[in-house]
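A.B. asks: Read top to bottom, the protein sequences are chains A and B. For the first sequence, position 101 (counting from the first letter as 1) is numbered 101 according to the numbering used here, and the numbering increases by one without interruption. For the second sequence, position 106 (counting from the first letter as 1) is numbered 106 according to the numbering used here, and the numbering increases by one without interruption.
Honestly, I wouldn't trust all of these hints.
Cβ pair distances, simulated, as ranges [said to hold, decoys possible]:
| id | chain 1 | residue 1 | chain 2 | residue 2 | range |
| --- | --- | --- | --- | --- | --- |
| 1 | B | 70 | A | 167 | 35 to 41 Å |
| 2 | B | 70 | A | 114 | 16 to 22 Å |
| 3 | A | 2 | B | 123 | 45 to 51 Å |
| 4 | B | 126 | A | 155 | 47 to 53 Å |
| 5 | B | 43 | A | 174 | 25 to 31 Å |
| 6 | A | 114 | B | 125 | 50 to 56 Å |
| 7 | B | 45 | A | 155 | 42 to 48 Å |
These aren't lab readings, by the way, just hints derived from the structure by calculation. Where is the CB? At the ideal position from N, CA and C, for every residue including glycine.
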Amino acid sequence: MRTTVKDIMTTAVVAVEEMTPFKDIVDVMHRLHVSAVPVLNRTGGVRGVVSKSDLLLKEAAPDAGEEFHLSPGRRREQHKAVGTVAADLMSAPAVTVPATATVEQAAQAMCRHRIGRLPVVDPDSGRLIGIVGRADVLAVYRRPDADIRADVVNQVITHAFAMDPARFEVAVRDGRVTVKGTVEKRSQTPLLIHAVRHVEGVVSVQDDLAYEIDDDDHVPFQQYY
Amino acid sequence: MRTEVRDVMATDVVSVGEQTTFKEIVEVMYRDGVRALPVLDSTGQVRGVVSTSDLLCKEADPAATEDFHVLPAHRRAQRKAEAVTAAELMTVPPVTVSPATTVQEAARTMRRHDVNQLPVTDGLTGRLVGIVSRADLLGVYTRPDADIQGDILTEVIADRFRLDPGRFDVIVDRGRVAVQGTVERRSSIATLLHAVRRVEGVVSVTSRLEYRLDDLYPVVAP
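Construct all of the structure, not just a fragment, from the sequences and the given hints.
C.D. replies: Here's what the structure looks like:
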């Protein structure tokens with residue numbers, strides 16, 4: 001079973017309203033030790049997210065209001081630097097994930113949008129039900145090595161590839177997997193390694209796989225794995 | 001007095017070595033509840049910083065090694081996704097500040113380099129003495145309104161501008177300042193407001209200032 005966002009999210013989520021003043025947001029962040037708060041509109045929909053970086057723009061440029069900028073990016077920053085309520089300070093539209101998304105999808109959204117926290121919404125109603133941070137996502141790497149090994153042997157080798165697990169030697173140390181053994185066809189090697197990499201908690205994969213039949217007689221390019 | 005980095009930084013810094021493995025880094029972050037760790041070499045110099053965002057690349061794209069990228073930024077993300085030690089994962093060169101840096105300058109550095117933590121190094125020896133995060137810097141906004149008002153009246157109005165503080169009404173509500181009163185020349189309004197904005201903890205400034213003498217040339221609309 002793959003972990004979904006629902007399993008790792010924090011449900012005690014603090015949100016602010018569009019008209020919450022700057023200092024109240026700082027106080028909430030300090031008191032509750034959070035680095036970003038979702039901004040809700042009156043109907044409970046997520047309008048945006050205020051993070052510490054949004055607030056820090058004011059400290060970085062206290063007299064931003066005195067400047068004139070042409071580039072839209074600078075103007076957006078300027079708008080935030082002079083803002084006094086959540087609606088002016090937030091990054092909008094909010095990047096949210098549905099509770100049913102996988103941890104991998106959440107990590108992808110964080111990397112792509114370069115943000116550290118994602119509000120989690122109910123897939124049906126769209127209402128805020130939690131928040132997920134980078135640290136929550138990284139928790140998948142705390143999985144015990146034995147669990148990872150069991151997943152590789154049972155789910156990948158036996159189940160997904162329908163191979164005999166006795167023909168393989170799987171070792172896991174600190175999340176680093178080494179697979180030794182013999183596959184039937186050479187073309188199966190990259191597919192198998194690809195599947196092992198996607199097992200939760202795997203840091204890296206090293207393979208020492210032999211094959212019985214070379215069915216890959218025209219490899220057009222170096223395989224990048 | 002402006003707050004310096006040395007006043008707000010955390011001095012009990014957790015750091016890792018260059019050969020620390022991925023999983024050990026995750027464990028240290030969990031154990032100590034930190035989001036970024038300076039990576040030290042054997043002589044104690046800061047070589048780089050490894051943060052949760054560096055680690056996240058792996059989960060976002062576990063099969064990154066199978067791809068081929070042309071863009072340098074993509075290749076960098078790819079290298080991090082396949083990395084297993086701190087030296088490979090860290091962001092280099094490290095962006096550091098000295099203990100005497102002002103909070104404002106540190107905030108600018110964070111924004112410019114798009115980082116959330118800055119290792120603080122001794123200017124002479126280059127050794128790690130602390131770390132400062134966004135939360136530490138935002139601490140200046142928890143200043144009580146009365147302190148802000150006091151600074152504006154004594155430091156800005158009385159000391160710097162040599163005006164009589166009795167002629168001004170300064171109201172501070174949750175960091176939002178409203179200045180009321182009369183200045184001699186119209187031209188000094190802008191410089192006065194500029195100075196007020198830079199008082200620590202000020203969120204915004206509203207001017208209700210009047211002037212006796214209009215010494216500004218007519219401004220042509222831009």
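A.B. asks: Just tell me: holds or violated, for the beta carbon distance of residue 114 of chain A and residue 125 of chain B against 50 to 56 Å?
C.D. replies: The hinted range 50 to 56 Å is violated for residue 114 of chain A and residue 125 of chain B, with Cβ atoms some 34 Å apart.
A.B. asks: Does the Cβ pair residue 43 of chain B, residue 174 of chain A satisfy 25 to 31 Å?
C.D. replies: holds (26 Å)
A.B. asks: Falls inside 47 to 53 Å, the C-beta gap from residue 126 of chain B to residue 155 of chain A?
C.D. replies: Given range 47 to 53 Å: holds, Cβ gap about 49 Å.
A.B. asks: Does 35 to 41 Å hold as the CB distance between residue 70 of chain B and residue 167 of chain A, or does it fail?
C.D. replies: At roughly 39 Å between Cβ atoms, residue 167 of chain A and residue 70 of chain B fall inside 35 to 41 Å, so the hint holds.
A.B. asks: Mind checking the hinted window 16 to 22 Å against the Cβ distance between residue 70 of chain B and residue 114 of chain A?
C.D. replies: holds (21 Å)
A.B. asks: Taking the Cβ atom of residue 2 of chain A and the Cβ atom of residue 123 of chain B, is their distance within the range 45 to 51 Å?
C.D. replies: holds (49 Å)
A.B. asks: Just to be sure I understand the hint, the distance between the Cβ atoms of residue 45 of chain B and residue 155 of chain A should be within 42 to 48 Å; is that true here?
C.D. replies: holds (44 Å)
Hint violations for this structure: number 6 only, all remaining hints satisfied.
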